[in-house]
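J.: Protein chains in written order, with the numbering used here: chain W, 1 to 341; chain X, 1 to 529.
Hints are computed from structural coordinates only; laboratory data are not their basis.
There could be a bad hint or two in this list.
[To be verified] Here are the simulated SDA-like pairs of lysine to any residue, each with C-alpha atoms no more than 20 Å apart in a straight line: (1) X:K320 <-> X:K497; (2) X:K132 <-> W:D55; (3) X:K275 <-> X:T525; (4) W:K48 <-> X:G445; (5) W:K48 <-> X:K320.
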Amino acid sequence: MSRAGSLRGYILIRIALMVPMVWVLLTVVFLMMRVAPGDPISATLGGKLSPADLDERREALGFDRSLFVQYLEYLWDAVRFQFGTTITDGQTIGSILVENGGATLTLTVAALVFALVVGLPLGLIAGRYRETLPDAAIRIFAILGYAAPPFFIGLLAQLLFAKNLDWLPASKMASPIVQAQAETYTHILIIDLAIDGNWDGVWDVVKHLILPAVTLGLLVMGVFIRLVRVNVGQALGGDYVEAARARGVPERRVVSRHAFRNALVPVVTVMGLQVALLLGGAVLTEQTFSWPGLGTRLLQYLNSRDYIGVQGLITVFALVVVVISLLIDIINALIDPRVRY
Amino acid sequence: MRAHRMAVLGCTALLAVAACGGSDDDGGGGENAPSGGGGNADTYVLGTTDKVVALDPVGAYDLASQQLIGNIYQNLLSVPAGGNTPEPDAAESCDWSDDKTYVCKLKPDLKFSSGDPLTAEDVKFSLERMLKIADPTGPYTLLGSLDSVEATDPQTVTMKLKKVDATWPFILTHNVAAIVPDEIYSDSEKQPDDKIVGSGPYKLDKYTPNQQAVFSANPEYNGPNKPQTPKVLVQYFEQASALKLAIEQGDVDVAYRSLSPTDIEALRNSNAGVKVVDGEGTEIRYAVFNVKKKPVDNVAVRQAIAQIVDRQAIVDSIYKGTATPLYSTVPSAFPGAKESFKDKYGDPDPAKAKQLLDDAGVQTPVELDAWYTPTHYGPVEVDLWNELKRQLEGSGLFKINLDSTEWDQYKEEAFDKGTYYFYGLGWFPDFPDADNYLTPFMRDGGFFVNGYSNEEVNKALDAELASQDSGEREEQFGIVQDIQAEDVPVLPLWEGKQVAAVREGVEGVEKTFDPAFQFRFWLVTKKES
Chain W
1 MSRAGSLRGY
11 ILIRIALMVP
21 MVWVLLTVVF
31 LMMRVAPGDP
41 ISATLGGKLS
51 PADLDERREA
61 LGFDRSLFVQ
71 YLEYLWDAVR
81 FQFGTTITDG
91 QTIGSILVEN
101 GGATLTLTVA
111 ALVFALVVGL
121 PLGLIAGRYR
131 ETLPDAAIRI
141 FAILGYAAPP
151 FFIGLLAQLL
161 FAKNLDWLPA
171 SKMASPIVQA
181 QAETYTHILI
191 IDLAIDGNWD
201 GVWDVVKHLI
211 LPAVTLGLLV
221 MGVFIRLVRV
231 NVGQALGGDY
241 VEAARARGVP
251 ERRVVSRHAF
261 RNALVPVVTV
271 MGLQVALLLG
281 GAVLTEQTFS
291 WPGLGTRLLQ
301 YLNSRDYIGV
311 QGLITVFALV
321 VVVISLLIDI
331 INALIDPRVR
341 Y
Chain X
1 MRAHRMAVLG
11 CTALLAVAAC
21 GGSDDDGGGG
31 ENAPSGGGGN
41 ADTYVLGTTD
51 KVVALDPVGA
61 YDLASQQLIG
71 NIYQNLLSVP
81 AGGNTPEPDA
91 AESCDWSDDK
101 TYVCKLKPDL
111 KFSSGDPLTA
121 EDVKFSLERM
131 LKIADPTGPY
141 TLLGSLDSVE
151 ATDPQTVTMK
161 LKKVDATWPF
171 ILTHNVAAIV
181 PDEIYSDSEK
191 QPDDKIVGSG
201 PYKLDKYTPN
211 QQAVFSANPE
221 YNGPNKPQTP
231 KVLVQYFEQA
241 SALKLAIEQG
251 DVDVAYRSLS
261 PTDIEALRNS
271 NAGVKVVDGE
281 GTEIRYAVFN
291 VKKKPVDNVA
301 VRQAIAQIVD
311 RQAIVDSIYK
321 GTATPLYSTV
331 PSAFPGAKES
341 FKDKYGDPDP
351 AKAKQLLDDA
361 GVQTPVELDA
371 WYTPTHYGPV
381 EVDLWNELKR
391 QLEGSGLFKI
401 NLDSTEWDQY
411 KEEAFDKGTY
421 YFYGLGWFPD
431 FPDADNYLTP
441 FMRDGGFFVN
451 GYSNEEVNKA
461 LDAELASQDS
471 GEREEQFGIV
481 QDIQAEDVPV
491 LPLWEGKQVA
501 AVREGVEGVE
511 KTFDPAFQFR
521 FWLVTKKES
C-alpha cells in the first residue's frame, strides 16, 4: 500500500471509530437524564400543580411514552442533527450555539493564550533549574493550578481583585450598556465591538475577560508547566545538547534553541487534548463569573432537567472533542508515520 | 531566546492590563465607577438571577417571565401599584352582567407597539389562543372556568364562564390573560422571544436569552403608567454572589431577586453607595402534614407542633428582616387574611403543647421524620428546618429526624408516593386573591395530595367563589383559615418581603412592592450621576 493510501485508510478508520464513540455518549446521556428523578415539567411547575395536572403536561410533551420509543426518536433526531427546542426556555440548540458559543470561544481561547504565555516560560525555567528552589516553587504552583477547582480560584479572584481591590469587574462579559449598544455581526462580542470601532467597548470586554480567563487558564497552565519541565529536562540530557555545549554554544542558546524547541513538540499535541479539559473547566468558570457561554447554559438545563438542552449541548461538546482528537491524530500521523501502524 | 523574551513580554502585558484596570473608572471597575446605566438618568439596569422561560404569555408560568410580560403587555384588568384589587387597565370598565358572564369595555384608541389597534378581537384571540396552544410550560389551566369569549363589538368583550367564579377578575390580571395582537401572533405556535409585541408601557428592543433584555418606552402606549425612565436594561446573573458584587461595583442600579438574607444584611450595613428597600411580598413558606400517615394523622400531634413553633424567632434569626411571621396561609396584605394560628395558639408554649398531647393520650417524645429540599427554595431552607428541629426538640416533646433530598426526588416522594408526612414547601400566587392561598392547599388534599378533606372547608370555598360581595368572601376566607388552625393540615411559617438593593439616586422601587408581585419598570427613576 502506498504511503498516501495508508494515511487515507488510517483517517477513514478513525472517522469510523467516531461513530460508536458518539453513539455510546448519546446513549449514556439519554439514560442518565431519564434515570435521574425529575423532568422539565416537574422541575418548573412541580410546586404549583397537582400530580394529575403535571401528568397532563408530561403527556403533551410525550414523556409518558416508553423509554425505548423516546430513545429511538432521540437517536433519529440526532442523526439528522435535529436536537429540538428546549422546554424550559424555548431555544433551539442551534440558536444556543450562536448566542452562547462566541462567549465560550472567547473565554477558552483567552485561557489557552494565558496558559501558554505563562506556562511555557515557567516550564522552561523549572526544567532548566531542576531540583532547585525556583523549580520547586514552580512545580507547587503548577500542581495548585491544576488541582484547585476553577470555582474556588474564581471566587478567590473575585473577592480579591473585584471586591477588595476593585480593579476588575466580578462577572458578566461586558458592562450592561456596552452589551446593549453592541451590534451583532459575528456573535463574538469583542469582535463585533471591534468591527464597530468601539474600542472602549473592546477594552471593557478585555477587563471582564481577565479574571475568568486566568482562572480557567491556570488549570491548563499546570499541565503545560509539567510537560515542558519534563521535556526540557530530558532534552538537556540529550546527546545533541551535549554536542552543542561541546561546540562551545552559549548555555542560554543551548536551552532556548535546542532544548526548549524540542520540548515544545509534545506541547502542540497536548494542547489539542486540553480542549476537553478547557470545556469542562469552562462550565465551572462560566458559572462562577456569570459568563454567558455554553457551560452556563448546560448547567442551567441540567438543573431544570431540560432533556433537550442537556442532550443537545453534551452532543456538541462531545463532537468538538472528538473532531479535535481526530485532527490531532491526523496531524500526528502526518508527522510520525509510526502512528499509522 | 526570542520565545523566552516574548513570553516575558506577554506576562508583563497581562499583568499591566490587570493593574491598569485598577485605575480605570470608565466601566465595570474602579471605586468611582458610574452606576450601571453609565450615570445616565435615561437608563437604569436591573440585575437578577431569575431565569425567563418565555416572553409569549402562552408559555410563561414562572415569576421571571411574568416580571417582563407585565411591562410589555396589557391586560383588561391589573392591580395598580400599592393596591390589592383588580382595576381597569386596557379596559375602561368591567362588570358582571350575570353571575357567570363578565363584560369588559375597552378604552378607545389603544395600540400595540407595532402600531396595530388593540380591539376586542385581540382579547378574544388571546384567550382562545392560550387554551388552544395549551403549552405544557404555560398557565392555560388558570382559564379552566372560561366557557366562551366573544367580541360583542370592537370595544366590548363578553366572557361566559362554566361556573360562578369570583376569582375571574383576579385571573384577568395574570399573564394568562395578557393581550397579544392577532395580526402578528400565530394561533397555534409560540411567538419567538425576539419578536414580541405588546401594548404595555415598554417594548422589547433586544433580547439575548439569559443574558440581557433591553426595553424602551413604548411610544404607542397611552395608558396611565407612563414610563419615567425611557430605557431599562435587565441583566441576568448566574450567581447571587455575582449579583451582589455587581450592585456594589455599580454595574447594576437595582439588584432584585434573589439575594440571600445574609447578602441583604451585608448590603444594609455597607457604605458602598447602596441602600436596601423592601415592601409587602406574597411569597410564603409552610410545612405540610400528610394527615393519613402516623404519627401526624393524630390532630393533637399537629396542634402540639403548631403550639410550639416560634415564628418570630425564625424570622429574626434566619431571615434577618426579610420575612415576617405567617399565621395562616393567606399573607397579611390580602383582604380577608386572618391570624388564625395566633388567635388559637397565642404565644409559643411547650406546656400547652404537652397538655394537648397528654389529653390525646400521646406518648412523648413523639418521633418525627421531617423533610426539606435545599435545591428549590435556596440554601437558607436548611437553616429554617434546623431551627424548627431545635424548637420542637427544645420542648422535650419531640424527637426530629431531619433529612433532605434534591427537589426532583423530593416532589416525587412527597406528592406522588406520599412517603413524607412532615415537609416544607413554598408558594407564589398565581393571582393576588386570598382564594389562591386557600383552595390549592385546603380543598380535598390540595395540590400536594396530603389526604386532608373537610366538607365545611369545601362549602366555604364554594361560597366565596360564588359570591361577588367582598365582605361575604372575606367572611368565608375567615372560616377556612380558622379551620386550618384547628385541623392543621398545613403549618404556615413566614411570608417574605420583597427586597431589592438599589444604588443611591435610584428611586421608586419600593412603590412597586405589593401583593401583585410585579416589578413595574415605569415607576423607577434614576438621578443623573
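J.: It remains to establish, for every hint, whether it holds in the given structure.
T.: Going through the hints against the structure:
Annotation: proposed proximity of K320 of chain X to K497 of chain X holds, straight-line Cα distance about 11 Å (limit 20 Å). Of the pairs offered as hints, the one joining K132 of chain X and D55 of chain W holds, with about 18 Å between alpha carbons and a cut-off of 20 Å not exceeded. The straight-line distance between the Cα atoms of K275 of chain X and T525 of chain X is roughly 15 Å, inside the 20 Å bound, and the hint therefore holds. With a CA separation close to 14 Å, the supplied pair K48 of chain W and G445 of chain X stays within the 20 Å bound.
A C-alpha spacing of about 27 Å is found between K48 of chain W and K320 of chain X, which places the hinted pair above 20 Å, so the restraint is violated.
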